[in-house]
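*Asks:* Listed below, chain by chain, are the residues.
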Amino acid sequence: MSRPRPENDLPKNDLVEAAIGEIPGSAAAARADGRIPRGFEDELARSFASIAADPRALERAVENGALSARLTTARRVAGPRLRSIERRTIDHAGRAAEALATRGHVAVDHARRVASSGGTSRRLVRVSPSGRALPAGLDDAGIGASSAALGACSGDPAITTLEEWIVERMRRGPGGAVLHVECRAGALVRRLSEVGFEAVGSDPTTEVESDTISRASGLERLGAQRRSSLGGLVLSGVTERVSPGSARALAHLSSTRLVQGGIAVLVSAHPDRVDDGDPITSDLAVRRALHPVTWCHLLARYGFGEITVLDPGGKDRPGDDGAGGGRSSAGTLYAVAARRE
Amino acid sequence: MSTRPVRFDQVIPSIVERDAVSNHTFEAQRVLRSMGFVSEIFAGGWAPGLEGRVYPLSELPREEGGGQWICYQASIGSAAAEIVAGHPGLKIVNYHNITPAELIEAWMPSLGEEARLGRQQLGELAPLCELGIADSSYNAGELAELGYRRRTVAPLMMDLSALDRVLDGHLRDELGEAKARGGSDWLFVGQLLPHKAHEEVVKAFACFLRLFDSGARLHLVGRPSCPAYALAVRRFAEEIGIAGSVDFAGTVSAGELAAYYQAADVLVCCSRHEGFCAPLLEAMHHGVPVVAYGTAAVPETVLDAGIILPSSAPVLVATAVQRVLTDPALREVLIDRGRDRVRTLTLASARRSFLGAVEQALASAQ
Numbered sequence: 001m002s003r004p005r006p007e008n009d010l011p012k013n014d015l016v017e018a019a020i021g022e023i024p025g026s027a028a029a030a031r032a033d034g035r036i037p038r039g040f041e042d043e044l045a046r047s048f049a050s051i052a053a054d055p056r057a058l059e060r061a062v063e064n065g066a067l068s069a070r071l072t073t074a075r076r077v078a079g080p081r082l083r084s085i086e087r088r089t090i091d092h093a094g095r096a097a098e099a100l101a102t103r104g105h106v107a108v109d110h111a112r113r114v115a116s117s118g119g120t121s122r123r124l125v126r127v128s129p130s131g132r133a134l135p136a137g138l139d140d141a142g143i144g145a146s147s148a149a150l151g152a153c154s155g156d157p158a159i160t161t162l163e164e165w166i167v168e169r170m171r172r173g174p175g176g177a178v179l180h181v182e183c184r185a186g187a188l189v190r191r192l193s194e195v196g197f198e199a200v201g202s203d204p205t206t207e208v209e210s211d212t213i214s215r216a217s218g219l220e221r222l223g224a225q226r227r228s229s230l231g232g233l234v235l236s237g238v239t240e241r242v243s244p245g246s247a248r249a250l251a252h253l254s255s256t257r258l259v260q261g262g263i264a265v266l267v268s269a270h271p272d273r274v275d276d277g278d279p280i281t282s283d284l285a286v287r288r289a290l291h292p293v294t295w296c297h298l299l300a301r302y303g304f305g306e307i308t309v310l311d312p313g314g315k316d317r318p319g320d321d322g323a324g325g326g327r328s329s330a331g332t333l334y335a336v337a338a339r340r341e
Numbered sequence: 001m002s003t004r005p006v007r008f009d010q011v012i013p014s015i016v017e018r019d020a021v022s023n024h025t026f027e028a029q030r031v032l033r034s035m036g037f038v039s040e041i042f043a044g045g046w047a048p049g050l051e052g053r054v055y056p057l058s059e060l061p062r063e064e065g066g067g068q069w070i071c072y073q074a075s076i077g078s079a080a081a082e083i084v085a086g087h088p089g090l091k092i093v094n095y096h097n098i099t100p101a102e103l104i105e106a107w108m109p110s111l112g113e114e115a116r117l118g119r120q121q122l123g124e125l126a127p128l129c130e131l132g133i134a135d136s137s138y139n140a141g142e143l144a145e146l147g148y149r150r151r152t153v154a155p156l157m158m159d160l161s162a163l164d165r166v167l168d169g170h171l172r173d174e175l176g177e178a179k180a181r182g183g184s185d186w187l188f189v190g191q192l193l194p195h196k197a198h199e200e201v202v203k204a205f206a207c208f209l210r211l212f213d214s215g216a217r218l219h220l221v222g223r224p225s226c227p228a229y230a231l232a233v234r235r236f237a238e239e240i241g242i243a244g245s246v247d248f249a250g251t252v253s254a255g256e257l258a259a260y261y262q263a264a265d266v267l268v269c270c271s272r273h274e275g276f277c278a279p280l281l282e283a284m285h286h287g288v289p290v291v292a293y294g295t296a297a298v299p300e301t302v303l304d305a306g307i308i309l310p311s312s313a314p315v316l317v318a319t320a321v322q323r324v325l326t327d328p329a330l331r332e333v334l335i336d337r338g339r340d341r342v343r344t345l346t347l348a349s350a351r352r353s354f355l356g357a358v359e360q361a362l363a364s365a366q
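Residue numbers (our numbering), protein chains in the order written: chain A, 1 to 341; chain B, 1 to 366.
Simulated from the structure, these hints should not be mistaken for lab results.
Glycine included, every Cβ here is placed at the ideal spot set by N, Cα and C.
It cannot be assumed that every hint is accurate.
Only part of the chain A face toward chain B is listed, based on derived beta-carbon distances under 10 Å [to be verified]: (1) Val16; (2) Arg35; (3) Pro37; (4) Gly39; (5) Ser47; (6) Phe48; (7) Ala61; (8) Gly65; (9) Arg301; (10) Gly305; (11) Val309.
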């Protein structure tokens, strides 16, 4: 071993030098006599190498951990002021007030869902001729038709078409990090990862929590995302149970979390095609799916351009790709894509 | 014959408090002012609270005609180096080593790029500088390779006694209680960065638990500057089943650091690269024996005041630690040699070395 000896070197010490000379022999003896099992050191090396094999995955895991901390903070901040925040409209004059209001909407929405779902459902059951509490896919359990469709590998060609349309839209953006809010089992997240995006997802009910998929609800997850940190954003599920206030909050949040040029895609069940023609149920729903034109309006208002709609089940479907209309799950869905300007 | 310049300013990419290079820069300012120079520090960035002590690079004065010297504190790539290169003043570089990019870029691509840039900039500054001051012979060797014709070694200016003035009593008691229950305390101090090789310390510690002392504890003190790497080390400790014995202390106060040194039985360093490694000297100052992998400037910093190993093989390191803990004569010698070593690197002597280097630069320009 080469050991530099600068001018101010101290004299060697025989005892230290002797010990340094003997230590390798003692270590070899520990290996030879079996006190350290054969291959133990190699196993340690393999173990760390396997953990360290994908630093980017570790970075995402760190980000998810930081996200949890930010969620906790957001809930704590919003907590004592829920009622006053609930009454507050989004104040375009002040970014801080707007951010506070957004946090409020998130927390209020959550609290309402928990507190009122039973009562609301019972009332709606009584007035709904079909006996359904809410339109199909808009149940208060938190998962809508769009998340169910995009989250699992269904093999449905119409869903595949929708997925590929989303991928194609995302490719028009800056790339990088893409978040799928309410991703369920994460099929779309995996598809986006396959084509090179740093895709992550969140879902309040997911059973496949991992480095790329975290368990968190829609608006909360998006609210906790750092500003201007996403190249792409896919929203499903949460888009089907929005109140007017939370729809605005969702559009605003999407705008602030995307980088300039970032792509937002909102996927939702179409309200005209999922309620079995029951206008009472549809109109009285506390949270509902919106028409594509409403999302277009909101996205334009919150700084998006190049807005396009894919509506396979609509009258103006862009070519008959076999997605089908009527009652199939794909036929109920539409998607709106927009670029943050 | 030129007249003695009035200004001797320092430029540094960024500066914080309680960081070895930052502390050195503040000490250098004191030395330069004691020599009669007007001397300010100009930085690309600084920690809150340093306003008034540090100024932005845009305010760096530009005096022509040899009336101003610039000392560039080099440890990473930075736009500050470009500013120094284009400055009309006479220049010296004070080099604290730049970690080789290949040791960090897999984890931190941007830092790797900065490191690469730093070495390139250091080379570009070589023909523009009157002198290269290195804080170790190892670093002086790197300066020579980069084309610095005139070089000198002046150690890092560190006030090791500062840790004697602070001690976190609560943590000292907590660590003392754990020690009273048995088991030895390993310590490593360093930012959680990949080239510091914390995982090698953990591997050695795992072997030590198995071979010698199942009640031992490992304290890893240092900022998790690379969060993904820090997570990997933590997961590794969990996966091999020793997480309960490993204390990821993170960033600590000066008083807490003093408590960790006071409780430590040995400081174990398996870094793959160190340009100086101040914690080795801090450990010696506190009477803590050192076991270290002898890479880069580590052997030069430790000299014979520690056990320097030819590799960081886990069983080798564990065996060395056991030898230090169980051989009272060796332990006593290491502690004594460590204190002797620290005495050669006191703040006062380091100040004299730096002052001598500055005088050498001034003379070379005349």
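*Asks:* If a hint holds in the structure, say so; if it does not, say that too.
*Replies:* Structure-based check of all given hints:
Evaluation of the A/Val16 hint against chain B yields a held restraint, the C-beta minimum of about 5 Å falling below 10 Å. Nearest Cβ of chain B to the Cβ of A/Arg35: about 6 Å, under the 10 Å cut. The hint holds. With 10 Å as the threshold, the beta carbon of A/Pro37 comes within range of chain B, its nearest partner Cβ sitting at about 9 Å, so the hint holds. The beta carbon of A/Gly39 comes no nearer than 12 Å to any beta carbon in chain B, farther than 10 Å, and the hint placing it at the interface is violated.
The beta carbon of A/Ser47 is positioned within 10 Å of a beta carbon in chain B (closest approach about 6 Å), and the interface hint is therefore held. Taken as an interface hint, A/Phe48 checks out: its beta carbon lies about 5 Å from the nearest beta carbon of chain B, inside 10 Å. The beta carbon of A/Ala61 is positioned within 10 Å of a beta carbon in chain B (closest approach about 6 Å), and the interface hint is therefore held. The interface hint given for A/Gly65 holds, since its Cβ lies 8 Å from the closest Cβ of chain B, which is under the 10 Å cut-off.
Annotation: interface hint on A/Arg301 violated; nearest CB of chain B at approximately 36 Å, more than 10 Å. Annotation: A/Gly305 was flagged as interfacial toward chain B, and the flag is violated, the nearest CB pair being 31 Å apart, outside 10 Å. Here the hint on A/Val309 is broken, as its CB sits about 38 Å from the closest CB of chain B, past 10 Å.
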